[in-house]
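Peer 1: For reference, the chains in residue letters:
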Amino acid sequence: MTDKSHDPNQMTGAAMIVRALIDHGVTDIFGYPGGAVLPIYDEIFQQSEVQHILVRHEQGAGHAAEGYARSTGKPGVALVTSGPGATNMVTPLTDALMDSIPLVCISGQVPTHLIGNDAFQECDTVGITRPCTKHNWLVRDVNDLAKVLHEAFYVATTGRPGPVLVDVPKDVQFATGTYHPPRKSDVHRSYAPRVKGDATQIRKAVSLLANAKRPVIYSGGGVINSGPEATKLLRELVEVTGFPITSTLMGLGAYPASGKNWLGMLGMHGTYEANMTMHDCDVMLCVGARFDDRITGRVDAFSPGSKKIHIDIDPSSINKNIRVDVPIIGDCGNILGDILQVFKAESKKPDIKAWWQQIAQWRARNSLYYRKSNDVILPQHAIQSLFEATRGRDTYITTEVGQHQMWAAQFYGFEEPHRWMTSGGLGTMGYGLPAAVGVQVAHPDSLVIDIAGDASVQMTIQEMSTAVQYELPIKIFILNNQYMGMVRQWQQLLHGNRLSHSYSEALPDFVKLAEAYGGVGIQVHKPSDLDGAIQEMISVKRPVLFDCRVAALENCFPMIPSGKAHNEMLLPEQANDEATAKAFAGGKALV
Amino acid sequence: MNQPASAYFIEDRHDPNETHTLSVLVQNEPGVLARVIGLFSGRGYNIESLTVSETEAQKHLSRITIVTTGTPMVIEQIKHQLDRMIPVYRVVDMTQTKRSIERELAMVKVRGQGEHRVEALRLADAFRARVIDATTESFVFEITGNTDKINQYIDLMRPLGLVEVSRTGVAAIGRGPEGM
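Sequence lines, in order, name chains A and B.
Just so you know, we're using the working numbering here: the first sequence kicks off at 1 and counts up by one.
Just so you know, we're using the working numbering here: the second sequence kicks off at 592 and counts up by one.
Honestly, the hints are just simulated from the structure, not real lab data.
Where a beta carbon is used, it is the ideal one built from N, C-alpha and C, also for glycine.
Treat the hints with care, since some could be wrong.
[Said to hold, decoys possible] In the EDC-like style, the derived pairs of lysine to aspartate or glutamate whose C-alpha atoms are separated by at most 20 Å in a straight line are:
(1) Lys650(B) x Asp280(A)
(2) Lys700(B) x Glu733(B)
(3) Lys260(A) x Glu236(A)
(4) Lys196(A) x Asp674(B)
(5) Lys650(B) x Asp144(A)
(6) Lys213(A) x Glu239(A)
(7) Lys700(B) x Asp739(B)
(8) Lys670(B) x Asp684(B)
(9) Lys232(A) x Glu415(A)
(10) Lys308(A) x Asp351(A)
(11) Lys670(B) x Asp314(A)
(12) Lys372(A) x Glu239(A)
(13) Lys196(A) x Asp325(A)
(14) Lys308(A) x Glu667(B)
(15) Lys541(A) x Asp531(A)
(16) Lys344(A) x Glu236(A)
(17) Lys308(A) x Asp280(A)
(18) Lys147(A) x Glu620(B)
[What the hints assert, rightly or not] Listed next, the stretches of chain A that the computed footprint assigns to chain B, with coverage defined by at least 3 CB atoms under 8 Å from CB atoms of chain B:
(19) 34-44
(20) 118-131
(21) 207-217
Please put together the full structure from these sequences, using the hints given.
Peer 2: Structure below.
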């Protein structure tokens, strides 16, 4: 007969939470205290294995956890209180769901007897977060807590990764129950994501690849989520086949930008060669991407002549937007390994010399061209300078959302996976600064840069304070054009140049703002000062707000106008007023 | 087609809609029905009929039967979206198997006197509907059958003094010895 008072697994719910974090190898969490999580904060105070980073707003905790997860491959953890704490998490949870980021959020809840009573700081957290999590739980009994926490980590990190939320009422945090370490039976029997690809489908795919004349590999964030092995195999597949490869925004870095088969990013602001290759190919191998609407352009004119192979761990991604010929459900790494094995055994090797010649012609159009200036900094030039200055360093890049994000994707060359943190699916302005905080926590000695816009950065600017408190030397590189650039670009292209509320009349003085937070502010106006200022930014071992004043009216090209196909891109040299008006003519008729 | 000024491509879908009956086996836990319904409303799918009840108490299993309409691509999406939910064990498209039986139960209240009463009883007999409540001026009929049969019966009761109808929604099961 065991004496329960001496059983080490007897503990309070709050203690179980900290214990479970430790058991899952969590070393850092991001959070904000409040009434309904005080027992958990009390436990955090009395231990040293889990470091807690105090953010300034719960949304910051969520994005920081996302940045942490994206840059490490481990789950990010956020801890928030009930009511507003939980509702402030809705944006990062949705962001993580869209971009398949493993996130575990623990939220406090009012005591069980008050649930449904409109108690102070009560909200229906599981109801609100149900559509923005992969799964969520309300734990009403302390003896279910260990099981739920272990399942939460399992669900977040397996299959298609995603955010989960565990809502823990305050009385459950106080109550004493029995903890157990993670075990297999913690997980729903109904949850069994498929990992291994179907052998027949893999043979079909290889047969298509081997006989291709105009092939393309289109890879996405799934390759990065799958882990380092998938990246290695993808690179090997490109090497062995000699095929051209493009990638989605989320997939940048899986294949190195310096690689000879690299076409650049595809989609709305992708390169001409990537989009033309997609449009004219005869065999498309989509690995861990989901034919998102920013990628496909007009769906009924999307790559009309190709056989499409789609590798995805989520069966619901298959045939959602684009009908494919050979779907293979399973883990990218696993399936790429099988494809390589079968392909190597295949005697026939595709001859694609003519295809590469065609691609060379498209490349020669130099679709990322922009006019440099000696008087004013072009945003593209700023990103290129930043890239040159950080090349070869141990660098991580996060972004906000808008023109600067697209320029970063176009002009910053990523050589490795997990180095690029951006809000792709949800398009969350305000993601980059807190994400940089999370990345820097995970990689204290690395150079972490948030490429930002002047509008986006103000959405979560308060996290500068977090960076200063924890001595996280993040660099916020603001392409300041005083506009919500992407909004303005669309207003110029589609709404008769009526710039409705896309100009920020009263921007803060970012240098003073940085100093007010206890960071360092740098401002540059002239192209000739840019490189020196970037060097200064890199050498400062404190958080920096870098106010890079750029050409205010520069727009982001090339671009697929809405309702157009991949082969109807608007290139920068064509983007004069007349051609732009014509490209968007279909739209204008209906304005 | 001219596109309106939009950041999104607006697609014309011409595929005809199909009606499918889906059987969904789920873990019976708090919120599971909300998850399923939320999926349908959140993604803009249709629910024509929804029936849910615990079917295996010891294993905490419930069976949800959903009748839905959509293009073939949407129906396929619905099945995959359901299947990837954590508490969902299995999704079977009963329409696709072509080997299923579908039944619905309705209680139909009819108010009337004289010849209308007699006619209502006569039709009830023809449709094998049972009288489960009666007053001197009303009947409540219980009728079981597929959706078409029940619709037809209700249409016939309308001129005879139909007051109200309560329907269970469709339950479906596969023919033959195998379970889902």
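Peer 1: It remains to establish, for every hint, whether it holds in the given structure.
Peer 2: Going down the list of hints, with the structure as the test:
1. Between Lys650(B) and Asp280(A), the direct Cα distance comes to roughly 53 Å. Violation of the 20 Å bound is thereby established for this hinted pair.
2. Distance check on the hinted pair: Lys700(B) and Glu733(B) sit about 9 Å apart at the alpha-carbon level, within 20 Å; holds.
3. Our distance criterion of 20 Å between C-alpha atoms is met by Lys260(A) and Glu236(A), whose separation comes to about 13 Å.
4. Straight-line distance between C-alpha atoms of Lys196(A) and Asp674(B) comes to about 18 Å, which keeps the hinted pair within the 20 Å bound.
5. In summary, the hint linking Lys650(B) to Asp144(A) is supported, as the alpha carbons are separated by about 17 Å, within the 20 Å threshold.
6. The suggested pairing of Lys213(A) with Glu239(A) holds, with an alpha-carbon distance near 17 Å, which does not exceed 20 Å.
7. With a C-alpha separation of about 18 Å, the suggested pair Lys700(B) and Asp739(B) falls inside the 20 Å cut-off, and the hint holds.
8. As the CA atoms of Lys670(B) and Asp684(B) are separated by approximately 8 Å, the hinted pair is consistent with the 20 Å bound.
9. For the hint linking Lys232(A) to Glu415(A), the alpha-carbon distance of about 12 Å falls within 20 Å, and the restraint holds.
10. For the proposed pair Lys308(A) and Asp351(A), the alpha carbon gap of about 19 Å is at most 20 Å, so the pair holds.
11. Pair hint Lys670(B) plus Asp314(A) holds up; C-alpha atoms about 12 Å apart against a cutoff of 20 Å.
12. A distance of roughly 35 Å separates the Cα atoms of Lys372(A) and Glu239(A); the hinted pair therefore is violated under the 20 Å criterion.
13. Our distance criterion of 20 Å between C-alpha atoms is met by Lys196(A) and Asp325(A), whose separation comes to about 19 Å.
14. Distance check on the hinted pair: Lys308(A) and Glu667(B) sit about 18 Å apart at the alpha-carbon level, within 20 Å; holds.
15. As the CA atoms of Lys541(A) and Asp531(A) are separated by approximately 18 Å, the hinted pair is consistent with the 20 Å bound.
16. Under the criterion of a C-alpha separation no larger than 20 Å, the hint pairing Lys344(A) with Glu236(A) is consistent with the structure, at around 11 Å.
17. Straight-line distance between C-alpha atoms of Lys308(A) and Asp280(A) comes to about 12 Å, which keeps the hinted pair within the 20 Å bound.
18. Annotation: proposed proximity of Lys147(A) to Glu620(B) holds, straight-line Cα distance about 15 Å (limit 20 Å).
19. With 0 residues bearing a CB less than 8 Å from a CB of chain B, the region 34-44 of chain A misses the requirement of three and the coverage assertion fails.
20. Using a Cβ-Cβ cut-off of 8 Å, 4 residues of the region 118-131 of chain A lie near chain B, which meets the minimum of three, so the contact claim holds.
21. As drawn, the region 207-217 of chain A meets chain B at 0 residues by the rule of a beta-carbon pair under 8 Å; below three, the given contact is violated.
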